[in-house]
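Trainee: Sequence:
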Amino acid sequence: MLGCLSKQRPPQNHDADEFKLPKKASMVTILLANMLLQVSFFIIVSSSNDYAKHLGGGSTFAGIVIGIPTVFSGIALVPMMQHDRGQYKLPLHVSCAASILGHVLYACAYKANYLYLILIGRIVSGISFSMWMYCKRYCSDGRIVGIRRRTTLAGALVLGQGVGMTAGPFFGGLITKIGFNNAIFNGYTGSGWIMAGDVEERSTPETKEMQMSSVSDDEEANMPRPSMEELEDTARRTITPPQWGVIVCMCWCAMTCFFILGAWESNIPVFSTAASPLHLSPFGAGNFIALGGLTTFPFLIANLAMARRLQDRHILLIGASLGLAGLLVFISLVGSNKVNYGSMFVCWWLVALGFNLASTVTVSLLSKQLPQEWNGRTSLAIQYSNYTGRVSGAIWGGSGLSVGMLNYTGLEIAVAGIGALLFTALWRDLKTKSG
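The sequence shown begins at 1 in UniProt numbering and counts up one residue at a time.
Calculated directly from the structure, the hints in this document are not laboratory data.
Just so you know, even glycine gets a beta-carbon here, dropped at the ideal spot from N, CA and C.
Check the hints yourself; a few may be wrong.
List time: in silico DSS-like cross-link candidates among lysine-lysine, alpha-carbon distance up to 25 Å [unchecked claim]:
1) Lys433 / Lys23
2) Lys20 / Lys89
3) Lys111 / Lys177
4) Lys111 / Lys23
5) Lys431 / Lys24
6) Lys53 / Lys89
7) Lys177 / Lys53
8) Lys338 / Lys20
9) Lys89 / Lys24
10) Lys20 / Lys433
Using C-beta positions, here's what the derived DEER-type ranges look like [stated by the list, open to error]:
11) Lys433 / Asn407: 38 to 44 Å
12) Lys23 / Phe180: 39 to 45 Å
13) Ala305 / Pro371: 26 to 32 Å
14) Lys53 / Pro242: 49 to 55 Å
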């Protein structure tokens with residue numbers, strides 16, 4: 001993957017800025033942080049329901065435990081952006097510390113026999129997930145990433161997203177199945193201890209001292225600092241009505257991708273055990289989700305190479321078309337009562353691949369069209385759209401059987417259809433350079 005990202009740049013001097021990449025060590029750190037955070041989010045899904053019940057809670061409480069981190073991640077972004085000075089070292093350190101502490105608190109709830117400690121642990125972990133926005137901003141930061149490398153880096157982030165969606169449920173379910181008969185390290189707490197140890201091991205002193213700034217300290221000291229009023233006036237003057245339309249379109253598409261992915265991830269364990277001939281155990285449902293994510297890997301890796309040749313709008317069209325096709329096939333199967341393991345897997349594979357691909361371009365496309373001063377704002381807007389989709393999708397997925405699977409899938413098709421209408425109407429305005 002790194003070879004695909006760091007091939008030799010073209011020799012033309014006037015093209016050098018378009019193909020520039022960050023330092024490899026910093027780039028690896030950002031991509032690794034994104035992947036570990038994705039695994040951290042998903043690894044407790046397989047065991048959280050049983051863990052909550054063991055401590056006296058219920059399924060609703062377990063759902064809150066899964067979804068609550070994104071709420072506090074969104075809250076943490078506001079003060080974080082006020083103190084980051086446009087750099088990445090502070091958010092990275094805060095993310096590592098919050099992740100370690102959150103996982104430890106989550107694991108300690110078993111020994112303490114205190115239900116709300118798992119909720120507190122996930123709230124603290126939520127602060128670490130604020131780093132997701134900085135990963136997106138890093139990969140679209142015009143000061144360190146050329147315009148023809150932003151979609152490629154965004155594709156690498158989505159590949160890490162696929163790793164989390166695959167490895168998290170699988171290893172979480174595996175740890176729960178093995179059990180480990182121990183009051184400290186067992187099937188409920190093992191995922192917390194393992195993730196805390198993994199993050200701590202990778203937060204070495206060398207990594208902590210790594211240059212994670214977009215410019216050096218000396219360069220930063222000599223750079224002129226325009227006032228906020230000047231930046232806002234400049235930004236307002238340079239944004240046109242079609243560009244505002246593109247911003248709205250990308251925010252909707254970002255919300256749609258995570259709404260549908262989140263809904264399927266939370267609905268599969270419920271639907272497959274109670275309302276279909278699949279009758280999967282929680283461990284089996286986790287493996288079903290993981291297998292779908294695993295089989296998308298070759299295509300997500302291919303996307304890293306194809307991003308150099310395809311415009312962002314074409315990647316968005318391909319991804320949305322695949323995902324929408326999966327939804328249409330699934331609603332026809334539900335309507336005809338012909339759902340089986342193979343047919344549902346094909347639908348899940350199309351949904352997982354399509355909407356993961358579509359989520360690749362939401363930040364990179366905006367960064368190519370808007371002034372650099374807007375990169376932080378658009379990254380924040382896209383991240384809040386992701387959070388909105390992830391939380392509402394998880395709730396909607398859990399409600400699938402209650403509202404009826406036809407209504408459940410129909411709403412997802414409607415949401416995706418609105419996105420399709422938006423980017424069809426704005427097709428010409430979505431044109432950008434490839435890469």
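Trainee: Confirm or reject each hint.
Mentor: A quick look at each hint next to the structure:
1. Lys433 / Lys23: The given pair, whose Cα atoms are some 23 Å apart, holds under the 25 Å limit.
2. Lys20 / Lys89: At roughly 21 Å apart (the allowed maximum being 25 Å), Lys89 and Lys20 satisfy the hint.
3. Lys111 / Lys177: At roughly 19 Å apart (the allowed maximum being 25 Å), Lys177 and Lys111 satisfy the hint.
4. Lys111 / Lys23: 44 Å, violated
5. Lys431 / Lys24: 29 Å, violated
6. Lys53 / Lys89: 39 Å, violated
7. Lys177 / Lys53: Satisfied, since the Cα-Cα distance of roughly 16 Å is no more than 25 Å.
8. Lys338 / Lys20: With Cα atoms ~51 Å apart, Lys338 and Lys20 exceed 25 Å; violated.
9. Lys89 / Lys24: Answer holds: Lys89 to Lys24 is near 15 Å, not above 25 Å.
10. Lys20 / Lys433: 14 Å, holds
11. Lys433 / Asn407: 38 to 44 Å: Given range 38 to 44 Å: holds, Cβ gap about 41 Å.
12. Lys23 / Phe180: 39 to 45 Å: 40 Å, holds
13. Ala305 / Pro371: 26 to 32 Å: Given about 29 Å between the Cβ atoms, the range holds.
14. Lys53 / Pro242: 49 to 55 Å: This hint holds: roughly 52 Å between Cβ atoms.
In this structure, the earlier hints numbered 4, 5, 6, 8 are contradicted, and the remaining ones agree with it.
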